[in-house]
Structures are given as C-alpha cells and as structure tokens.
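Chemist: Using the hints, position chain B against chain A.
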Amino acid sequence: MVFNSLDFAVFLPVVFAIYWLLGAARIRPQNAFLLASSYVFYGWWDWRFLGLIAASTVLDFWVGLAMSKQHLKVKRRLLLTISLLINLGALGIFKYCNFFVEGFVSAFSFFGSSFKAAELNVVLPVGLSFYTLQTMGYSIDVYRKKMEAHKDLLSFASFVAFFPQLVAGPIERAAHLLPQFSLRRHFLLKEAHLGLRQILWGLFKKVVIADGCAEVVDLVFMYYLKFSGLTLWLGPVFFAVQIYCDFSGYSDIAIGTARLFGFKLSQNFKFPYFSTNLIEFWRRWHISLSTWFRDYIYLPLGGNRTTPFKMGSNIMLVFLVSGLWHGADLKFLAWGGIHGILYLTTKSLQTLSNRLFTPIPSNIKQGFSIASMAFTFLLLVMSWLFFRIDSLSMLPQYLHEMFAGLTYPIGYRQTANLFTQRIGLFLPFAILGFFTVEWQGRKGLFAIETIPNTWPKSIRWLFYFVLVFLVLRLSVHQIPFIYFSF
Amino acid sequence: MHWFFFRRLVCFSIGFLAFLLFLFLVLRQADRFWNQKSPNPPPIVIFGSSHAEVSINDDLLSQKLSIEAKNRGLSGQGVFWSTQAAKKSIHQGSRLILFELNNFSYTSLENNISPAALIRETGSMYYLSASDWAFLISNAPKTTLDYFIKMPFPNRSMSGKYMENKRWLKNKEQPARKKFDSFHSNISDTVLHTLIQAHPKVNFVVFRAPQHPYFYIAIGPKNEHYFQKRFNLFKQYANCQTLDFGPSFDADSVFADFGHLNLNGARILTEMLADSLVHFGLNIDNKQ
Numbered sequence: 024m025v026f027n028s029l030d031f032a033v034f035l036p037v038v039f040a041i042y043w044l045l046g047a048a049r050i051r052p053q054n055a056f057l058l059a060s061s062y063v064f065y066g067w068w069d070w071r072f073l074g075l076i077a078a079s080t081v082l083d084f085w086v087g088l089a090m091s092k093q094h095l096k097v098k099r100r101l102l103l104t105i106s107l108l109i110n111l112g113a114l115g116i117f118k119y120c121n122f123f124v125e126g127f128v129s130a131f132s133f134f135g136s137s138f139k140a141a142e143l144n145v146v147l148p149v150g151l152s153f154y155t156l157q158t159m160g161y162s163i164d165v166y167r168k169k170m171e172a173h174k175d176l177l178s179f180a181s182f183v184a185f186f187p188q189l190v191a192g193p194i195e196r197a198a199h200l201l202p203q204f205s206l207r208r209h210f211l212l213k214e215a216h217l218g219l220r221q222i223l224w225g226l227f228k229k230v231v232i233a234d235g236c237a238e239v240v241d242l243v244f245m246y247y248l249k250f251s252g253l254t255l256w257l258g259p260v261f262f263a264v265q266i267y268c269d270f271s272g273y274s275d276i277a278i279g280t281a282r283l284f285g286f287k288l289s290q291n292f293k294f295p296y297f298s299t300n301l302i303e304f305w306r307r308w309h310i311s312l313s314t315w316f317r318d319y320i321y322l323p324l325g326g327n328r329t330t331p332f333k334m335g336s337n338i339m340l341v342f343l344v345s346g347l348w349h350g351a352d353l354k355f356l357a358w359g360g361i362h363g364i365l366y367l368t369t370k371s372l373q374t375l376s377n378r379l380f381t382p383i384p385s386n387i388k389q390g391f392s393i394a395s396m397a398f399t400f401l402l403l404v405m406s407w408l409f410f411r412i413d414s415l416s417m418l419p420q421y422l423h424e425m426f427a428g429l430t431y432p433i434g435y436r437q438t439a440n441l442f443t444q445r446i447g448l449f450l451p452f453a454i455l456g457f458f459t460v461e462w463q464g465r466k467g468l469f470a471i472e473t474i475p476n477t478w479p480k481s482i483r484w485l486f487y488f489v490l491v492f493l494v495l496r497l498s499v500h501q502i503p504f505i506y507f508s509f
Numbered sequence: 536m537h538w539f540f541f542r543r544l545v546c547f548s549i550g551f552l553a554f555l556l557f558l559f560l561v562l563r564q565a566d567r568f569w570n571q572k573s574p575n576p577p578p579i580v581i582f583g584s585s586h587a588e589v590s591i592n593d594d595l596l597s598q599k600l601s602i603e604a605k606n607r608g609l610s611g612q613g614v615f616w617s618t619q620a621a622k623k624s625i626h627q628g629s630r631l632i633l634f635e636l637n638n639f640s641y642t643s644l645e646n647n648i649s650p651a652a653l654i655r656e657t658g659s660m661y662y663l664s665a666s667d668w669a670f671l672i673s674n675a676p677k678t679t680l681d682y683f684i685k686m687p688f689p690n691r692s693m694s695g696k697y698m699e700n701k702r703w704l705k706n707k708e709q710p711a712r713k714k715f716d717s718f719h720s721n722i723s724d725t726v727l728h729t730l731i732q733a734h735p736k737v738n739f740v741v742f743r744a745p746q747h748p749y750f751y752i753a754i755g756p757k758n759e760h761y762f763q764k765r766f767n768l769f770k771q772y773a774n775c776q777t778l779d780f781g782p783s784f785d786a787d788s789v790f791a792d793f794g795h796l797n798l799n800g801a802r803i804l805t806e807m808l809a810d811s812l813v814h815f816g817l818n819i820d821n822k823q
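Residue numbers (the working numbering), protein chains in the order written: chain A, 24 to 509; chain B, 536 to 823.
In case anyone wonders, no lab produced these hints; they're calculated from the structure.
Computed from a prediction, not measured in an experiment: that's the story for all the values here.
Each residue gets a CB set at the ideal place from its N, CA and C atoms; glycine is no exception.
Be aware that a few hints might be false.
Chain B side only, calculated, beta carbon under 8 Å to chain A, not exhaustive [as the list claims (entries may be wrong)]:
no.: 1; residue: Phe539
no.: 2; residue: Phe540
no.: 3; residue: Gly550
no.: 4; residue: Phe551
no.: 5; residue: Leu555
no.: 6; residue: Ile684
no.: 7; residue: Lys770
no.: 8; residue: Gln771
no.: 9; residue: Cys775
Restricting the straight-line Cα-Cα distance to at most 35 Å, the calculated cross-link-like pairs of lysine-lysine (DSBU-like) are [claimed, not checked]:
no.: 10; chain 1: A; residue 1: Lys333; chain 2: A; residue 2: Lys370
no.: 11; chain 1: A; residue 1: Lys249; chain 2: A; residue 2: Lys92
no.: 12; chain 1: A; residue 1: Lys293; chain 2: B; residue 2: Lys685
no.: 13; chain 1: A; residue 1: Lys480; chain 2: B; residue 2: Lys685
no.: 14; chain 1: B; residue 1: Lys701; chain 2: A; residue 2: Lys249
no.: 15; chain 1: A; residue 1: Lys480; chain 2: B; residue 2: Lys677
no.: 16; chain 1: B; residue 1: Lys696; chain 2: A; residue 2: Lys249
no.: 17; chain 1: A; residue 1: Lys293; chain 2: A; residue 2: Lys370
no.: 18; chain 1: B; residue 1: Lys677; chain 2: A; residue 2: Lys213
no.: 19; chain 1: B; residue 1: Lys599; chain 2: B; residue 2: Lys685
The following block holds chain A by itself, in its conformation from the complex (with noise of 0.2 Å):
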C-alpha cells in the first residue's frame, strides 16, 4: 500500500479510528492491532515477503534475549556475527544478488573467457533496506550494551513493522522508537492536528511538486539525445526538486501518521536545500540514514580520533557504502565517491573559511550565506546527476552537451517550447511558492507547522483547502515513491 493511494486513504481512517477506540489503557491489544493493521499494510503489495519481516524480527529478537543473557564477550560477539550475517546476506541476496552475478559475466568476459550466467531477477521486497538497518541496529546496541535487549515479542514486531515507517523510514533507532511502545499512548489533539498538517504538507511535495517534476525529469532523461544545453540543466534541476519532495514528503506522511497514533518519529529531513556547505548538507539530508551510517560504521572505525589520512580514508568508505546502499549499480557507487570527494575538500577548506569570514560584518557575510547556498545547491544538482542517469556510459555525452550546448542558440528555443508546451506556469510558480513556504517555516519541524498559526482561521482553513484540492486535483496516476526501489 502506498500513501499516496486511495486505498492508503480508506485504511489510515478505519485503522486510526478502532485503535483509538480500543483505548489507551490497553497497551497490548493497541500492539496487536498495529502489528496485524501494519502486515495488511506490507502485504497489500505482496504478502509473500511477509515472512522475511517476520524471520527478520524473530532473529533479532532472539539474540538480543540471548546476548542480554550472556556474559562472555566471545558469545555475544558470536550472536552478534550471526544477526549481521543474516541480515546482511538477506540484503545481498535480494537487493545485489544481481549485482554481483554481472560483475563476474563483465570480469569474465575482460579476461576473454565467456561466462553465462543464469539470470535470477531476484525481485526487491519493498523496505528491505530500511528495516534490516534498523533491526541490526538494535541488535549492535543491544550488544554494545547501548540499551537492554527487550523481553516483549509482540512491541518488538510492531517496532520493526509499524507501518508509516516501515517501506521507507526514517529509519529509527531502538532507543527512541522501541520503548514507546512499552509506554501508554494518550490522544492528543494538538498532536492529531500537527499529525495531519504535516500529512498534508508531504501529500502536497509529493503529488503536487515531486510528481510534477518527474514528467520534466523523465522526458530530459528519456530524450538527452535530442536536447541540448539549458534544456539538459533542466533535467538534473528539476531532479533535485523532484527527490527532495518526493522522500522528505514520504517522510513527512511518515511522521504525521505515526503522530496521529501518539508515535514521535526523527526529523529525517532539515531543508537540506539551504545548506550553505556540503556539510550542512549531509547534517539536513536523510538524517536518519547518515546518523546510522555515523554511529554503526564510521565511529566504529575510528571516527575522528585518528589520523587524518584514516578519517579521511573512513569517511570515503562511509559515502562508498552509503551510495551502494542506494543501489546495487556503477552510478550510486559513483555518486557516493563524488560526495565523499566533495565532502572532504569542504571539510580541509573549511577551516580557511573560518578564518576569513570571522571579521565579516553579518550583512555582508548573509551575502556569503546566500551565494554558498546557491552554489552549494549547483554542486548537489551536479551530483544528482549521477543518480539519476540510466547508465554512467550515458554521462559523457549527457555533459558534453549540458555545457557545450549553452552556447547553441537551439538549446534556448528548446528550453523555451518545452515550458510553452509542456512544463507550463503551473509548475515553476508552485515550485516557487513551495520553497518560499519552507524557508518562511525553516525554523519548525516542518514547513507548516508554525506558519499558518498566526493567520486568521478562515484563511488557515482556505490554505489547507487550496493544497487538500491541489492533491487531489493532481493525483492523476499514482507514481510510486523513488525511494521504495531502494
């Protein structure tokens, strides 16, 4: 089931209203109402995987009981192997199985044997890479002794499967999540209103913004042959649009629905898009993901008590990782490289600029802000790119012509047709409305949380009218999320 579905729309009331009115008092059935509400939910795409969430929640169930019971370091470690490598073989399995199986036909084939090998099309159960992340991290913390191994089978499941983050995220980790499930949840209205504002504030990004932008996106990418110069700026632009709106949408639904259960879900995203510095960036972008990555991978290897060719050389890997998490392909590997690359020359000129904005008055080194972001966001819309693009063999032709073509005078014309006939004005002012709206609210959780509260009712209540009509308007066909292939 997806959020942006008539059937999500159906299920979210019917679920809401029994959990509720089996009451806050009863703690175990409200579980087991989440848990059932939430396998309907997963299984209405394909009930078949099911059974994975449920062996993925057994195993991690069953060695954080057994490592809480074990004293001998060796043991737990021994747990812990086992937790890692069946959660990460499941991983490898399903998401790069693939993968791997053409890298060996390509490296067979350079040495000039020929191999065939058999194609296994192993389908990706949705949210794979979302749970297993978070299941091995309980586990880990369990075996850190970060926090104790929970004794309760049935809030672990609901943990592991509770369903507005269950396809993608955020990503929670069990010290914030889990014990709110051990916890009485109390209906809270203002929690119900912020609940639902910010489900309709990820609808908009979603179906207004994110799936307006795919047909620009797709149509650039699908015919870069035949555009040249500011048309093909266009695709990676708009793209950076669409995958912003598009996950921090679904994270937004996420947050609003699990509110409205009396749940508190990570911030995920920080408007990311005002960023000054490739830093600040990966501090505001998929939080969740990057803090996991941090604390699980990167701490352990050293962090920044090391040398700095160490930290250096960590921080590589963690974005090398991060990109192959995206996908088993050449391109997030890639993407994640460019990152890393750009990530650690921002980090050594950091301190320079440290030191040459200090004594900048603040009027003038707002200025600065505001050029950095900008072209903070043209190193991002660069790095997009990469994501987005087919095969990476595409690329060289794709910015020979993004650059080159700037000085054709048909590249403009083409620009010019393409929002005439196809993108319209609809597009470009919504865009523009949206990020004016996100940097008025850039101090809240979410754009809306705050902003529409010093507004008089009546055009409160007009606004939500003009985005619940802009969904629905606009939710032509139902395009899945980008990030549910991950």
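Modeler: Same frame as chain A, now just chain B:
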C-alpha cells in the same frame, strides 16, 4: 478518541466540499464567459463517435459550403458526451450541429461513464446539467467524484478531429452474428432531445454514417428496428433534420472495415452531405 477532533474533521470535510462547490461555480462561470467571447467559432460542427471521426472530411465540407466546418468526432464517444461537447460548441456560437448516431449508441453505457471517457471530457464538465450529474453519480459514483475533482481551468479547446482512414477492406469474410439486442434505456438520447428543444435557433442534423452491408447482418434486425424507432423520433423537431446514410454504400472500395469508411468513402459521403445541407437550405449564418 477525542470527539472534538472528530467534529473538527467533519466540519473541515463539509467546509472543503463547500469550497469545491464554490470553486466549481466560479470556474464554470469563468469558462462560460471565456467561451462566449470565443472569436470566430466554426459555424458548422460535427459530433459523434469514430464513425463521424473518419467519415466527414471537414476541410472538404468547408470548401464545398464556403463556410468553416469542424469535425469533433472522437473514437468511442457516446451520445451523452457528444451532446455535452455540442453544448459547449453552441455556447461558443456554432449554429449548425451535425450529430452522428449509430447502431451502438443505445447498447452500452460504458462510453458515458468509463474513466477513459471522463478523463478526456473534462473540457465539457461545465456544460453538464443537474440531471446529467445525477446520471453519472448514480452509475459510477467514484469515477464521477474523480472527474469532478479534476475541474479544469477555463479553456476553449475541444477534443476530436477528422482522421483520414487509409486502410482498405481486406478480409471479406462475413462477420459472425453478434448480439447487440440488449438496449439500455439510458439518458443519452434524452440529453440530445433536450438540447435540440432548448436551442430552437440552432439547426441540427442527426445522421447515420454508412456501414458495410455485412454489418447489418452481424448486428441483426432487432437492433436495426430499435435504431430506426429512436432515429425517427428526431424528425418531430422543426430545427432538426435526419439523414440516414446507413445502407447507402455497398462497394468494398469505400470501406476500411465493416463499420468505418476509408478516405475514399469519406470524400464521397462529405460531398453527399454538402449537397444535402444545401438542399435543406439550413440557416448557417454565424452572424445572427
């Protein structure tokens, strides 16, 4: 659960429905205003299904009559939606409406309420009457709600155009007898009757495009009898003429298949139609 929250949700939903209705009425007025100011609307417009789409060459008709004609035939278009489009066309200022009816016009509701039909007919939304809405809601509530929510910005565009059918009848095997004997007493012909009655200053010509002789064998006599009964009902109006070209052609060379003319047939039929219109002496002066 907090009942106050539930009450607010209900209030919000009612408010939103009122907002939708208000928006619809505003856009409807704007669309009507915009279309009334339409510059140089085509005086003659042809509506109908694929039979109209491939049968009338509007350029040739314009040339023959020295008045602009536009073919708005659309594949799969039923009478209901053709009538809504005709309403828009009349509103723009067209004064002669040619309406194609065929033997399938009364046998299926699908063309009226299928999602595909509704998606391509958003341009006619502002011309639906209350009874038309009631018909759509009673037959397909969800699809109609989807359709309503897709309310378009005011526009003068209309779907449909003449399609040159370059195919030639090849397979002359007699088609199997098909059952087209179940007739829906739908409102399709009622809306057309209402339209004709509501616009006494507009001339209507209800016609049937030619079909291959084998076609009539395939559909059976019951269907043909029923068609004739309905078709003849249009003869009662002073501003409506009927033209039955149905069994006029029998040469294979003018057909693309048993149901549709090819470009050769379209040329002949257009010339015949032009002659008939001149013979009727219809008032098609757009300046009235």
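Chemist: Does each hint fit the structure? Answer for all of them.
Modeler: Results for each hint:
Interface restraint check: Phe539 of chain B against chain A, minimum CB-CB distance 7 Å, threshold 8 Å, status holds. Because the closest C-beta pair between Phe540 of chain B and chain A is about 5 Å apart, less than 8 Å, the hint holds. A cut of 8 Å between beta carbons decides the hint on Gly550 of chain B: the least distance to chain A is about 6 Å, and the hint holds. Look at Phe551 of chain B: its Cβ gets to within about 5 Å of chain A, closer than 8 Å, so that hint holds up.
Interface hint at Leu555 of chain B: satisfied, since its Cβ lies 7 Å from the closest Cβ of chain A, which is below the 8 Å cut-off. Hint status for Ile684 of chain B relative to chain A: holds, with the closest Cβ pair at about 5 Å, below 8 Å. Among the interface hints, the one on Lys770 of chain B is violated; its C-beta lies about 43 Å from the nearest C-beta in chain A, farther than the 8 Å criterion. Taking 8 Å as the C-beta contact cut-off toward chain A, the hint placing Gln771 of chain B at the interface is violated, the least distance being around 42 Å.
Interface restraint check: Cys775 of chain B against chain A, minimum CB-CB distance 38 Å, threshold 8 Å, status violated. Taken as a hint, the Lys333 of chain A and Lys370 of chain A pair is honoured in the structure, with Cα atoms around 14 Å apart against an allowance of 35 Å. For a cut-off of 35 Å, the pair hint linking Lys249 of chain A to Lys92 of chain A is broken: about 65 Å separates their Cα positions. Restraint check: the Cα-Cα separation between Lys293 of chain A and Lys685 of chain B comes to about 33 Å, which is no more than 35 Å; the hinted pair holds.
A hinted pair counts as satisfied when its Cα atoms are at most 35 Å apart, and Lys480 of chain A with Lys685 of chain B qualifies at roughly 27 Å. At most 35 Å may separate the alpha-carbon atoms for a hinted pair to count; Lys701 of chain B and Lys249 of chain A meet this at roughly 31 Å. Proposed proximity of Lys480 of chain A and Lys677 of chain B is supported: the alpha carbons are some 31 Å apart, at most 35 Å. This hinted pair checks out: Lys696 of chain B and Lys249 of chain A have alpha carbons roughly 29 Å apart, not beyond 35 Å.
A hinted pair counts as satisfied when its Cα atoms are at most 35 Å apart, and Lys293 of chain A with Lys370 of chain A qualifies at roughly 20 Å. For the hint linking Lys677 of chain B to Lys213 of chain A, the alpha-carbon distance of about 32 Å falls within 35 Å, and the restraint holds. Distance hint between Lys599 of chain B and Lys685 of chain B is unfulfilled; the C-alpha atoms sit about 40 Å from each other, more than 35 Å.
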